[in-house]
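Residue-level listing of the chains:
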Amino acid sequence: MKMEEMSLSGLDNSKLEAIAQEIYADLVEDSCLGFCFEVHRAVKCGYFFLDDTDPDSMKDFEIVDQPGLDIFGQVFNQWKSKECVCPNCSRSIAASRFAPHLEKCLGMGRNSSRIANRRIANSNSMNKSESDQEDNDDINDNDWSYGSEKKDWELKVTLPFILLSYTAKKRKSDKLWYLPFQNPNSPRRSKSLKHKNGELSNSDPFKYNSSTGISYETLGPEELRSLLTTLMFLFQQCGVISEHTKKMCTRSLRCPQHTDEQRRAVRIYFLGPSAVLPEVESSLDNDSFDMTDSQALISRLQWDGSSDLSPSDSGSSKTSENQGWGLGTNSSESRKTKKKKSHLSLVGTASGLGSNKKKKPKPPAPPTPSIYDDIN
Amino acid sequence: MVVSKMNKDAQMRAAINQKLIETGERERLKELLRAKLIECGWKDQLKAHCKEEVIKEKGLEHVTVDDLVAEITPKGRALVPDSVKKELLQRIRTFLAQHASL
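Chains A and B are the protein sequences, given in the same order.
With the numbering used here, letter number 203 in the first sequence gets 203, and the count goes up by one each step, no holes.
If you want the numbering used here, it's the 1-based position in the second sequence plus 376.
Everything labelled a hint here was simulated from the structure, so no lab data went into it.
Among the hints, a few may not be true.
Looking from chain B toward chain A, a few residues come up when the C-beta cut is under 10 Å (computed) [as the list claims (entries may be wrong)]: (1) 388; (2) 399; (3) 409; (4) 417; (5) 419; (6) 423; (7) 426; (8) 432; (9) 440; (10) 447; (11) 448; (12) 453; (13) 464; (14) 469; (15) 472.
We treat Cβ as the ideally placed atom computed from N, Cα and C, and that holds for glycine.
The whole structure should be built from the sequences, with the hints applied where relevant.
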């Protein structure tokens, strides 16, 4: 059947029209058949009469078409002028304001608990003459009204655990950080700590204790909070303070906008001359390293004044010096400065820990040798 | 000769139908027709007619497809509004004109 033989141009229009009519008739018949099948199925399955209603209901729900009413027959502004009586305070309140009023009246909404907390905190701060900064909304959102004492307790108890979690479940790209334990003889004893939003608070966040390092009990709640946020920052984030906004850069440790020098400078500024940049590259076998390091950290955080290190710190020779300088870095960083004895002794713990582990494949950023000259 | 002409016609119709299906035009036309019939209320009319037939004549239990088809199809054909019919025919003619030389 070749198409050339069947050219339609040879036909007159009536034939074409007849063909068109036929096609149309076919299509209509298809539709009718389809409809029949649908009806038959509905009858057999029992849902054919499902959308019927009796004439009474039909009258009830007839569409209303009067001016001033909607199609359901309701008046538009009916509830604006109505007044309700509050069951709590027995006042008569406008309907549209009833819900917020009830929330405040019963003291059950989010806002009312916030206000109550603030009032309590204010009255507490007036007694203690502390400044109250509500920059941490998460604590306030709890709907507790235990007062600020609870918050202090929370922070002091959870802070070591939070730090532990940072060390224990390490990402492979993170280095281990210890809390900076300050040397009592160090000239830089009091630091000013910047808040996340750039405000300066001139409290001394690291109230040193010659035997234990940081003592948490003397830290106020604000200082603890700021300490926590700063540490969280500097563990995992770039942290370089931008010139324009005075805020810390929140990008990763490998942020291309800032150099390692800047990051180191920021950490030195906050954490004292013992600060070391957290290492970005990581070895493949960091896990075993991390566990022993976290044990070391746990032992460091003992508050009984002893600075025992975990037994794995066999390589450290000058444990007495480590009392003041608790910053550890990964062993590969110490590789470069092995010539400097002071550096070795400082990171003796870390190198002791790391010496048994596999080294990092890539060389890390060059550390600042001058940091550890203070020990000598 | 008449026979051959008729055969030719039949062949041509078959060819046209084949073309319709191949290009997907048949499906499109069917969907278009269905949509238009629902829009214009043809389906609801037919359903109401169905209800009367079903309730009146056979009773709900004894409805068969054949009965339904026999009753509904002529009514359905008649109920198609003219506008729908015209539009559909127009489209079919356009299609035939496009493929006239093929």
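| Which numbered hints are broken by the structure, listed smallest first? | 2, 4 and 8
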